[in-house]
Every structure is written in C-alpha cells, then in structure tokens.
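Peer 1: Given next are the chains, with one letter for each unit.
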Amino acid sequence: MKALFQRYGVIAFLLLALGTAARAQYHNDLQFNINYNVNIPSGSFRDLIDKPAYKGFTAGLAYPITSQLRVGLSLGYNDYYQKYPRQVYSEGTGADVSAVVSNSVQQIPLLATVDYTLLKKGFIRPYVGAGAGVNFVSLDQYLGEFDNPRSSTHFAVRGEAGILIPLSSYSATAIRIGGSYNYAPYNKDGISSLDNWGIHAGISIPIR
Amino acid sequence: MIIQLTVWSLSGMVLLGSCKKDPLNNLTNDESRIYITNYDTTANFSSYSTFSIADSVAVIQDNQFAGRQKNGFDSLAIDAVTQLMQQRGYQKVGTKDSPQLAIDVSRIYNTSTGVFSYGDYWDYYGGYWDPYYWGYPGYGYYDPFAVGVYSIQSGALEVDLLDLKNAASNGNKLKAIWTGMARGEQVFNTANVSNEVTSLFEQSAYLKK
Numbered sequence: 003m004k005a006l007f008q009r010y011g012v013i014a015f016l017l018l019a020l021g022t023a024a025r026a027q028y029h030n031d032l033q034f035n036i037n038y039n040v041n042i043p044s045g046s047f048r049d050l051i052d053k054p055a056y057k058g059f060t061a062g063l064a065y066p067i068t069s070q071l072r073v074g075l076s077l078g079y080n081d082y083y084q085k086y087p088r089q090v091y092s093e094g095t096g097a098d099v100s101a102v103v104s105n106s107v108q109q110i111p112l113l114a115t116v117d118y119t120l121l122k123k124g125f126i127r128p129y130v131g132a133g134a135g136v137n138f139v140s141l142d143q144y145l146g147e148f149d150n151p152r153s154s155t156h157f158a159v160r161g162e163a164g165i166l167i168p169l170s171s172y173s174a175t176a177i178r179i180g181g182s183y184n185y186a187p188y189n190k191d192g193i194s195s196l197d198n199w200g201i202h203a204g205i206s207i208p209i210r
Numbered sequence: 013m014i015i016q017l018t019v020w021s022l023s024g025m026v027l028l029g030s031c032k033k034d035p036l037n038n039l040t041n042d043e044s045r046i047y048i049t050n051y052d053t054t055a056n057f058s059s060y061s062t063f064s065i066a067d068s069v070a071v072i073q074d075n076q077f078a079g080r081q082k083n084g085f086d087s088l089a090i091d092a093v094t095q096l097m098q099q100r101g102y103q104k105v106g107t108k109d110s111p112q113l114a115i116d117v118s119r120i121y122n123t124s125t126g127v128f129s130y131g132d133y134w135d136y137y138g139g140y141w142d143p144y145y146w147g148y149p150g151y152g153y154y155d156p157f158a159v160g161v162y163s164i165q166s167g168a169l170e171v172d173l174l175d176l177k178n179a180a181s182n183g184n185k186l187k188a189i190w191t192g193m194a195r196g197e198q199v200f201n202t203a204n205v206s207n208e209v210t211s212l213f214e215q216s217a218y219l220k221k
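Going line by line, the protein sequences match chains A and B. In this text, residue positions in the first sequence follow this note's numbering: the first is 3, and each later residue adds one. In this text, residue positions in the second sequence follow this note's numbering: the first is 13, and each later residue adds one.
Please note: incorrect hints may appear among the correct ones.
[What the hints assert, rightly or not] To be clear about the criterion: a stretch of chain A counts as covered by chain B if any three or more of its residues have a C-beta under 8 Å from a C-beta of chain B, and this derived list gives those stretches: (1) 134-148; (2) 160-170.
[As the list claims (entries may be wrong)] Derived BS3-like pairs (lysine-lysine); straight-line CA-CA distance at most 30 Å: (3) Lys190/A / Lys33/B; (4) Lys33/B / Lys57/A; (5) Lys53/A / Lys33/B; (6) Lys32/B / Lys57/A; (7) Lys85/A / Lys33/B; (8) Lys32/B / Lys190/A.
[What the hints assert, rightly or not] Going by beta-carbon spacing under 7 Å, a handful of chain A positions derived as facing chain B: (9) Asn30; (10) Gly94; (11) Asp98; (12) Ala101; (13) Val102; (14) Ser104; (15) Gly192; (16) Ile193; (17) Ser194.
Source of the hints: derived by calculation from the structure; they are not laboratory data. Built from N, CA and C at the ideal position, the CB exists for glycine as well.
Bound conformation, chain B alone (with noise of 0.2 Å):
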C-alpha cells in the first residue's frame, strides 16, 4: 500500500509539473518588448527650443563602456529620435550652437540575469558620455528616477535626455529630464528601431514645444 501510493504522489507530481502553461511561449518578439519611460515631473518641456544629439551610440556590456559605434541600427536609432523631437516642435542644432537640451542614445547589453536599475547604469554615466562633449568640461551628471528594477536577459535600446539650459542651477550636473528605454526580443534588430523609438514619444505626450 505504501508503495501504491508513493507511486501514486509521484505520478501525481510529475503530472503538476507539466501542467503549467509558460506565458513565455504565448508571446510574439512585439509582445515580448517592453518600453519604459521616466520624466522629470518638475521639468517644464516647452521652455526649451533646441536640441543636439550625439552622432554616434555608447555601447555598455555589463556596465562597463565598451565604445562608441553607429551601425545601421544606431543610425536608424538616431534618426527616428531627432525626427519625432522635430515633430514635436524641437529645433536640431550642432553642439556648438549652445543646445537647450542634449540626446545620448546607448545600447546596453548585460548577460547576466540580475537585477539591473537605472541607478547602476547612471553610476557610471559620465564615463559613457563625457560631459565634455556637449561643452560643459567638469560637469557631471545627475539622474534622479528611482524607478525600473527589472531581472535583464537581453540588452536594451536607451535613450537620454539631459537640460543643458539650466546645468549651472542644476549645480553644475547635466540632469536628465526624460529617460526611455525599450527591452526584449529583437530590440536591435533595425526592423523595428522605428516602433521602438515611436512606442517611447507615444507614451510620453508631455515632451513637446
């Protein structure tokens, strides 16, 4: 009788085991991207009118840089970003025009599957894109969102955008006033850099002149 049911219980087991559904094998690659967005609530969108973006992307492995490159996905990353911030009422300007605001656009990859948060990639911020860079020599840089610790598996499209025109109030850091971030299957694959930088001005409705 023990027997009989000890084999019973593992029959059962086995059976529970199999039973649940992975939601992971229900999901398309659209479905499994994610887009997350932070803003500064404090800041004042339309008081800025222009804007420079770096001409090519930082790519960060593991928080640690790893260079700068533009490849076809990064050209395309870059261009869909500097034309919905046209459409938005934004005008592109060199870096040496004195911009109001300044785009970074990073590919960031972690192969790890720990846990991962803005803080820890904004730890190391003015190491990827040196301050310099956007004519502000000894700044430094200031993220103040809290949010978004997620497990990583995959890497991630992010986007930054920093006030230039108020880094002397912002005691002397170029502070980031909307982040977006785009995570999951194909992220850079450059049939979809569109979508991904559209899905992330979608939900940020509050970013225009």
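If we strip away everything but chain A, and leave its shape as in the complex, we get (with noise of 0.2 Å):
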C-alpha cells in the first residue's frame, strides 16, 4: 500500500510539473520551486550524524515584488540516518549498556523567504536568499532494535546562494542550482544545533 501511493504520488508530481511547465508564458508571475537536497551534518550535529543526508527536496512559492525580489514560503525535507558499529556505552552509575546505536533525524524546516535576483537577464542569473521560520525536528535513537522517539519544534535560519538558468529566452521557468547554511537550534539532549549545509538543484516554474 505504501509503494503505492508512493508511486502515484511521484506520478500526480510528474504530471503537474509537467503541465505547470508547458503553460508557463509570463516571468513576472508566482513561482513554484522544488529541489532535490543534499544536506551535510556540521557543529555538534556531527556527534549524532556526520553522513550525508541524500533524501532531502525543498519546495516553495515565491511571489515577485518586483522583477528580481520574490518573498515566499518554503517547505523543506530531510532524511539523516547513520548507524554506529556495537559499543558499550557506560551510564556512569554501574550501568554498562552494549548496542548497536542508530540514529534517525528528520528535519521539515517551514519558512518565509525572500530571494534577490542579481541579474535581470542572461543565461546564467545569480541569486541570493534567505529564510527564516520554524523546524520541526523528529529524532529518533535506536539502541538495538529499541527505539527512543523524540519530537520537537525550533526556529530556524536559512541563508543560500546559487544560479537559475532560465530553459529559453521566452520562458520564465529555470533550472536552480546552489548551496545554503541551515542553522538549526536545538538545545536538547546535550546537542545543541543541527546545523547544516547543504547543496540543491531544481526547477523554478512560474504558475498563473
């Protein structure tokens, strides 16, 4: 059941990107982005997960206040998961506990935003962002096969940099390329951010 509406679910996605595409004609109007992500762990985020996280897109509106201001929201996804090799783990107490440690952390980052784009026309047109709002964390750290969930929610800051190249002269829909810095507070558990960068390629697509 699961494979299923996964698979339908891609296919509803295919077919409205697709058709959002072909209907594109004006550049000054919303815009609707998705990335795919790759976010890589850094400062204390290090010490739960130091792996890569390759299961991450990032998708938003942005409406234009003027022909390179947009503001908009974003809603982001991340997948981080690494499992360490059997260790004991002393409590301190007497308590000795030997496991195989997996953590799990999925972060769903929702912001407002506002993308500045340096160059009005060209084939390559840099831009600048930055988003601010609030992360809504799942951690989950599994000793063995027992679990230990954890949720929480935080504020979170996002600045990125990147190039939108633009599909033809005419079309307002662009390819989108960059990187960011997610800062992430989080303040529990004895780590304190999980702070991230991370790297995305996408598509912009102007919607009516």
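Take the two lone chains, each set in its own frame, and fit them into one complex as the hints suggest.
Peer 2: Below you can see the structure in the form of structure tokens.
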C-alpha cells in the first residue's frame, strides 16, 4: 500500500510539473520551486550523525515584489541516518549498555523566504536568498531495535546562494542550482544544534 | 489554482512519508540485541569466593510468575553462566554449602509495548525466587539499581547475582550486586545463548575473584 501511494504521488507530482511548465508564459508570475537536496551535518550535529542526507527536498512558492525580488514560503524535508558498530556505553552509575546505535533524524523546516536575483537577464542569473521560520524535528535513537523517539519544534534560519538557468529566452522556467547553510538550534539531549550545509538542484516554474 | 496547489501539497506529503529510512530494516538479528548490565559500585567482587546457581529458570510473563522451567535454552544459559563465573575465579558449590553468591536466571516475556524497568521486575522478585531456596527464609530482596527504562517488544534473558555473604548486614535482604539483561530478536534462540551470556560478562570486567 505504501509503495502504491508512493508511485501515484510521484506520477501526480510529475504530471503537475509538466503541465504547469507547459503553460508558463509570463516572467513575473508566482513561482513554484522544487529542489532535490543533499545536506551535510555540521557542528554538534556531527556528534549524532556525520554522514550526508541524500534524501531531501525543498518546495516553495515565491511571489514577485519586483522583477528581481520575491518573497514566499518554503517547506523542506531531510532524512538523516547513521548506524554505529556495537559499542559499550557506560552510564556512570555502574550501568553499561552494549548496543548497535542507530540515529535517525528528520528535519522539516517551514520558512518565510526572500530571494533576490542579481541579474535581470542572461543565460546564468545568480541569486541570493534567506529564510526564517520553524523547524519540525523528529529524532529517533535506537539501541539495537529499541527506539527512543523524540519530536520537537525549533527556530530555523537559512541563507542560500546559487544560479538560475532559464530554459529559454522566453521562458520563466529555470533550472535552480545552489548551496545553503541551515542554522537549526536544538538545545536538547546534549545536542546544541542540527546545523547543516546543503546543496540543491531543482526547477523554478511560473504559476499563473 | 487552489485545487492545483492542494494536489501539489498532497503529492509532496505522500512523498515525505515515504522518504524516511527505517533503521529497523537495516539491522541483523545480532545487531538488534542489546546487553544491559548494572553493578553495585560499593561491592567488592573479589571478596566473594563461592557461588551457587539455581538449577532452573523463572519464567515471568507480564510481571507474573509463570513457573520454573528448564528447556534446552535454559540449560545452556545456566551452563554458560556457571562456566564464565568459574573462569572469573569463583567456585561453584551447592545451596547447602553456604555459597557467598547466588545466581538466578530468568526468562522475561512482555507482550505489551509499555514501559519496562528493573524496578517493575524487582517488585515481585520474592515471588519468583523464594529466599528459602537460598537458605534465607523470611528475608527479602533488594535491587539498588534505578536505571534501565526501555520500551519492550520482546523477551529478555535476565541473570541476577545476589549477595548471600552479607545478607544479615544488608538488613536481612538478598541484595543484587550485579544484574545482566539481554534483549532483542531471537534472544531465546539456543544458537545465541552463549554469545549473549558472554557479552554480559565481557562488559563486566570488574566481576572477578
């Protein structure tokens, strides 16, 4: 059943993307952005997981204030996971636990965003952006098969830069490539932050 | 436009839910098991010389005593604990030979997914293991350990080491000075029992004559 939902979700997603892109004719429309992300933990997040998250995406809407400035909303998702070999963990009071520890972290940042395109024209148009909002965090630490789940909500800020590559001179649809730094304070369970670096590639589609 | 965005959002949510990697799918049965030991930091393990071990195991189902048994797994568990205690320098004696340490082995089953702690288990300990068995009628049991709260979804092998030598000075209580617990997938598989008991002892280097 899960695979069925996943398949239809992907199909619906692709059909809508193609349909929307085909109708795009105006450069100053509301823009829909969707990106594939790879995120790399930094700071104290690396105490928990130091492997990159290859399962991630960001989707957002951006409303044009001027031809170069847009404001909008962005929803992201990143799935981090790392399994550590069996080790004995001492709790300091005579208690020792031998376990294979698996850490699983999902971050879902919902941010208000602002983007500024540095060039109005050109084959490559650099842009910078920022966002601030809430970060929904799910953190599961498994000792063997035994889970210790935690969910919480935190503040988050994102700064990003990249380039837009329009598909043609007459199309507002553009390839979007860039990098970001995601400031994600956590301050729980001995972990001060879930900060991470991200790189993304996606598409920006105008919506009438 | 609203309908379109709603479909966009729903599609995205379906994708979101299917993106999480399930850590349990990436664990072998061996990796699923955990080994928990606790010891009394005031105990001097080298001060004990002899031990006796119960010749059967207590079966505890949802904190209820379900009887004593000795199947193939139980025999292997008792033998493994005996062998490792002897390797650590302790001498096995009978219950009538005034052992200084007593060892109980238990199989614990809990079919619920609630919270389980050593405290819950020890609340009924006298019902599983009558102190009379060790030659101490009228005594109680005492578990000083406060850690060990985990959700439980499967069985557990429990090994408890009790101080008989100082029972009177401990307020007429048979005090646990070491406990070991193995939990996880196939914990009661006879092929795993040696590795489970060995793991409990390996992480307890202080447990020696």
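Peer 1: Now tell me, hint by hint, if it's right for this structure.
Peer 2: Verification of the hints:
no., hint, verdict
1, 134-148, "holds (count 6)"
2, 160-170, "violated (count 0)"
3, Lys190/A / Lys33/B, "holds, 23 Å"
4, Lys33/B / Lys57/A, "holds, 9 Å"
5, Lys53/A / Lys33/B, "holds, 14 Å"
6, Lys32/B / Lys57/A, "holds, 8 Å"
7, Lys85/A / Lys33/B, "holds, 12 Å"
8, Lys32/B / Lys190/A, "holds, 22 Å"
9, Asn30, "violated, 16 Å"
10, Gly94, "violated, 10 Å"
11, Asp98, "holds, 5 Å"
12, Ala101, "holds, 4 Å"
13, Val102, "holds, 4 Å"
14, Ser104, "holds, 4 Å"
15, Gly192, "violated, 17 Å"
16, Ile193, "violated, 18 Å"
17, Ser194, "violated, 24 Å"
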